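Counted from 1, the sequence shown has number 30 at position 31 by numbering that gives the first Met the number 0; the numbering is strictly sequential.
Think of the hints as simulated: they come from the structure by calculation, not from any bench. Predicted, not measured: the structure shown is a model, and the values here were computed from it. Wrong hints could be hidden among the right ones.
Label-pair ranges, simulated between beta-carbon atoms [as the list claims (entries may be wrong)]: (1) 84 <-> 59: 38 to 46 Å; (2) 24 <-> 56: 45 to 53 Å; (3) 37 <-> 60: 29 to 37 Å; (4) 105 <-> 36: 14 to 22 Å.
The C-beta atom is built at its ideal place from N, Cα and C for all residues, glycine as well.
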Amino acid sequence: MSNLPVVSSGGLSWPVSRRGGRALAALDDQATFALARIEHAADLQVARIDAVDLVGERAMQRVAMVSQMEQQLASMVPLAASRLQAIGDMVALAAVDIVADTRRQVGR
Numbered sequence: 000m001s002n003l004p005v006v007s008s009g010g011l012s013w014p015v016s017r018r019g020g021r022a023l024a025a026l027d028d029q030a031t032f033a034l035a036r037i038e039h040a041a042d043l044q045v046a047r048i049d050a051v052d053l054v055g056e057r058a059m060q061r062v063a064m065v066s067q068m069e070q071q072l073a074s075m076v077p078l079a080a081s082r083l084q085a086i087g088d089m090v091a092l093a094a095v096d097i098v099a100d101t102r103r104q105v106g107r
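Kindly generate the complete structure, drawing on both the sequences and the hints.
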């Protein structure tokens, strides 16, 4: 029994056969691979969030700029207000479509 390798865990030590040592090493490898898969999945999810966030943030900035331009032009030419609003609405809807499309693309 003195030829058996010693395995320690949590402050406890006990002898284990070669076969048992290989089984423990295999479990250790499985745990390492499982953790790597989980970390990889988490990295992908973070990248997806970042992509949608970036596109959404840019869309909100551009819609705000278009809305400001619409307001300024409407105050200079009140007769064009409804047409300017229609164009602003179309830009906003296109931005929404692009954000939704980005979400669909990165969600795969």
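How the hints compare with the structure:
| no. | hint | verdict |
| --- | --- | --- |
| 1 | 84 <-> 59: 38 to 46 Å | violated, 18 Å |
| 2 | 24 <-> 56: 45 to 53 Å | holds, 47 Å |
| 3 | 37 <-> 60: 29 to 37 Å | holds, 35 Å |
| 4 | 105 <-> 36: 14 to 22 Å | holds, 20 Å |
Going down the numbered hints, you'll see the structure goes against just number 1.
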